[in-house]
Amino acid sequence: MAKLIPILVLVISAALGLTAGKFLRPPPPEPAEDVAEELDGEKPSEETKSAEEGADGTSPAMDYVKMNNQFVVPIVTDNRVSAMVVLSLSIEAPLGQEDEILRREPKLRDSFLRVLFTHANIGGFDGEFTSIEKLGGLKRALKEVAQRDIGTDLVNDVLIVEIARQDY
Numbered sequence: 000m001a002k003l004i005p006i007l008v009l010v011i012s013a014a015l016g017l018t019a020g021k022f023l024r025p026p027p028p029e030p031a032e033d034v035a036e037e038l039d040g041e042k043p044s045e046e047t048k049s050a051e052e053g054a055d056g057t058s059p060a061m062d063y064v065k066m067n068n069q070f071v072v073p074i075v076t077d078n079r080v081s082a083m084v085v086l087s088l089s090i091e092a093p094l095g096q097e098d099e100i101l102r103r104e105p106k107l108r109d110s111f112l113r114v115l116f117t118h119a120n121i122g123g124f125d126g127e128f129t130s131i132e133k134l135g136g137l138k139r140a141l142k143e144v145a146q147r148d149i150g151t152d153l154v155n156d157v158l159i160v161e162i163a164r165q166d167y
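Going by numbering that gives the first Met the number 0, the letters in the sequence shown line up with residues 0 to 167, in that order.
Hints in this document: simulated from the structure, not taken from any laboratory. It is possible that part of the hints are untrue.
No farther apart than 30 Å at their CA atoms in a straight line, the calculated lysine-lysine pairs in the DSSO-like style are these [unchecked claim]:
id: 1; residue 1: K65; residue 2: K21
id: 2; residue 1: K133; residue 2: K106
id: 3; residue 1: K133; residue 2: K65
id: 4; residue 1: K65; residue 2: K106
id: 5; residue 1: K65; residue 2: K142
id: 6; residue 1: K2; residue 2: K65
id: 7; residue 1: K106; residue 2: K138
Throw the hints in and build the complete structure from the sequences for me.
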């Protein structure tokens, strides 16, 4: 009987481990549409989806206009620059609008830098600065100023193409 106790303890431990593993398993990954909703912070309605799609059910063609230079944002801590964040942005726009957007690039750059500096000053680039919540808020703010400055008909979205932070 004494020889069965270690085996019994092993079997019970294994059963408990398997049960705990089953109940503590992470949830399955979300579909890509749900992740996009989290980034934008809003769920697209059926009307929005159908307006974005063409008559044949495909998405309309878009141009992606890359801003000519990167954006450099200093992170100031205790009155000194403690880090730099470098971003590359692109504008998603209807086909054929690239020249108009590039013509207005100085105005866009000024507005984008204001948003980026404000985001840095409120701690948006601290800690997990690439989290969905922080980047979603930043993307919304960038899109709002772009649509305000050059029009909702020219700006479908603002894309953060590259982002990097260098601490000093």
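Here is how each hint holds up against the structure:
Restraint check for K65 and K21: not satisfied, since their Cα atoms lie roughly 46 Å apart, outside the 30 Å limit. Our distance criterion of 30 Å between C-alpha atoms is met by K133 and K106, whose separation comes to about 24 Å. For the hint linking K133 to K65, the alpha-carbon distance of about 22 Å falls within 30 Å, and the restraint holds. Only pairs whose Cα atoms come within 30 Å are accepted, and K65 paired with K106 is accepted, the gap being roughly 15 Å.
A distance of roughly 14 Å separates the Cα atoms of K65 and K142; the hinted pair therefore holds under the 30 Å criterion. Simply put, K2 and K65 have alpha-carbon atoms about 72 Å apart, too far for the 30 Å limit, and the pair is violated. With a C-alpha separation of about 17 Å, the suggested pairing of K106 with K138 holds against the 30 Å cut-off.
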